[in-house]
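From just these sequences and the hints, can you work out the full model?
Chains as they are written, first to last, in my numbering: chain A, 400 to 859; chain C, -17 to 251.
Just so you know, these hints were derived from the structure itself, not from any lab. Be a bit skeptical, because a hint or two may be false.
Computed list of lysine-lysine pairs in BS3-like fashion (alpha-carbon distance at most 27 Å, straight line) [unchecked claim]: (1) 853(A) - 92(C); (2) 92(C) - 16(C); (3) 98(C) - 138(C); (4) 98(C) - 853(A); (5) 16(C) - 98(C).
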Amino acid sequence: MQFLTLVAVLALMSAAVYRMGRGRAQALAVTGVHRLHSLPSYYGYYVALWCGLPAVLLIAGWLSCEPYILRALVVGALPPEAKALPAARLSLLMNEVRQLAASGDFRFSSSPIATAAAEQYRVLRANSFGAMAVIALSLAIVGGFYGMRSISPKLRARNRVEAAVKVFLVASSTLAIFTTIGIVLSLLFESLLFFDKIPLTQFLFGLDWSPQTAMRADQVGASGSFGAVPLFTGTLLISVIAMLVAVPIGLLSAIYMAEYANPRFRSVAKPLLEMLAGIPTVVYGFFAVLAVAPFLRNLGQSIGIPIASESALATGLVMGVMIIPFISSLSDDVISAVPDSLRHGAYGLGATRSETIRQVVIPAALPGIIGGILLAVSRAIGETMIVVMAAGLSAHLTANPFASVTTVTVQIVSLLVGDQEFDSPKTLSAFALGLVLFLVTLALNVVALHVVRKYREKYD
Amino acid sequence: MSTTSDAYLRQDADAAAGMAKITAGDVNVHYGDKHALKGINLAIRANEVTALIGPSGCGKSTFLRCINRMNDLIEGARVTGLITLDRQDIYDRELDVVQLRARVGMVFQKPNPFPKSIYDNVAYGPRLHGLAHSTADLEEIVVTSLERAGLYDEVKDRLDEPGTGLSGGQQQRLCIARAIAVSPEVILMDEPCSALDPIATAKVEELIDELRENFTIVIVTHSMQQAARVSQRTAFFHLGELVEVGDTEQIFTNPQHKLTQGYITGRFG
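Here it is in structure tokens:
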């Protein structure tokens, strides 16, 4: 609450300073002999930036350092017997202190030490906030004054504001990039812990996956084996089935939409097709489990082929349906982007419509279509909900689409659901699997984007 | 329709003498509500170059597209009247558009080679219509067409490279080679030099003059010098109407109509 007030005060100050700066610039423009370099409102923005930006930066820096400094201060003031606690216990104690300080209710305190520390923490935090508010506000005032004083007809306020806007945009995009890097690093470090315990070669080439490990020495149970090949083949099998469904249907419907359908039909049918992409994957999961899998099993029974209830076929079929709109929508775009001059060239030579499409339009659009298919493949490999619901849990090394297989994503989910200990290879293996998944989809995306870009260059 | 037969009878003397390759009788074209061509009567002689000139939007390209029925591809386009090729109605329901377009080739304003090799570009039409009975046959057709388009010497060492990699002028001559590989009787050219530099233009114009020997050529052009250089007959269009048609020399030296005179002397357009 206090914090919101501070931010609001800063915003109000910036707004006020904006008006003042603009007014001053206007006054200069009226009285002065010199022409103003920029429009008056740019001088206003310029002063407002000087007023608001340093204060906001200070607050951001302060808040990110505050917890560490407070912790160090509180720990330093703890009685010696508490300081002597092992690191894990100390961390638990500090956790309690923080929670007590936040609630302000010390009735459930575990010890007088904690209570005392929490009191101290509260006071320190209040002081810290007060100090921050005072410094931030004075910084805003000083900045505002500096900005007002520097207003002169020669000041290139417009260019300065432009530069500030650019910095802001760059900061936004780097934030997204850093998030990605952070995800990769966290995956990487956990995977490295895993590969300390299990050799990389066993993980990549081992044929047996059963991640259950004994928790105590005297326990009877599996010792765990982490050969991920059955997971890779399972993922591959389901993805291949999905693509066998999605590529022909998606591509043919895209050709129809782009080349044959009249605009009225297209305006209705295209959104309907793209609605498939909007259905939550968990609903596809229901459909696979409750409709497609039993149907296939009964069909198999009646013609004498044993089909598992969690067959790769059922999962792949439903996943394929989910992917159709990706392929059709991307292919539709690239087919429509093929210049009409090529079509007319072919028609002018006496080609029929389907000949033109087959021999001229599709070859011209092929790089873009392949790019779209690669994106769809990476989507299929990473798809989780459908396979969690409809695919099997146990790892079988098989290429039989009627059998039950499991996938990388299913295993990650089953490894990380529930209470976990983050030092056993069982849990850590999820990160190794995640890393593999990430690398594969990243490679597919890079290749796909490259192919698509190359195609674009050709017709622009 | 009486107007059609009247118009047909009104064809000039050439048509009556049977020299006309293509005749148009009272041709009207509508694009939706827009009346783009109004009652055109025109005879185009065989083995001559006929230039269609006129200011932008006058309907000359529209008329050109009627001759191989490319207007069929434009949504909302409606063509009425009679157009004949060798005295056969090309808008007859019995007539196969695909066959018509094999007889009437077209070269477009912007060079539009297919994203295939130079060889495959030229071989496309012959393959489509089954003109070659063997690989050797096909190769001969490709080489002859490229030679006739004056491109063979420039590309003979790189027939398997993509046609899109050629220069603009070469691409346009490749498109001409592609059109003549089907052995059409008529070649329609829609401002074939408007995207080319003067040197490439000169080469294409020279080529047009040579092609006249074997083909009937109809060319739409914005350049009056070009019309004067390459054509034997010139037709002047204005606001969807055919204002004047005659021998090129006569049109440029002694135009009968004030509009024609104004256009060729550069007073408007």
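Hints versus structure:
In summary, the hint linking residue 853(A) to residue 92(C) is supported, as the alpha carbons are separated by about 22 Å, within the 27 Å threshold. Using a Cα cut-off of 27 Å, the hinted pair residue 92(C) and residue 16(C) holds, with the two alpha carbons roughly 25 Å apart. Of the pairs offered as hints, the one joining residue 98(C) and residue 138(C) holds, with about 16 Å between alpha carbons and a cut-off of 27 Å not exceeded. Distance restraint check for residue 98(C) and residue 853(A): the Cα-Cα separation of roughly 16 Å lies within the 27 Å cut-off, and the hinted pair is therefore satisfied.
With a C-alpha separation of about 38 Å, the suggested pairing of residue 16(C) with residue 98(C) is violated against the 27 Å cut-off.
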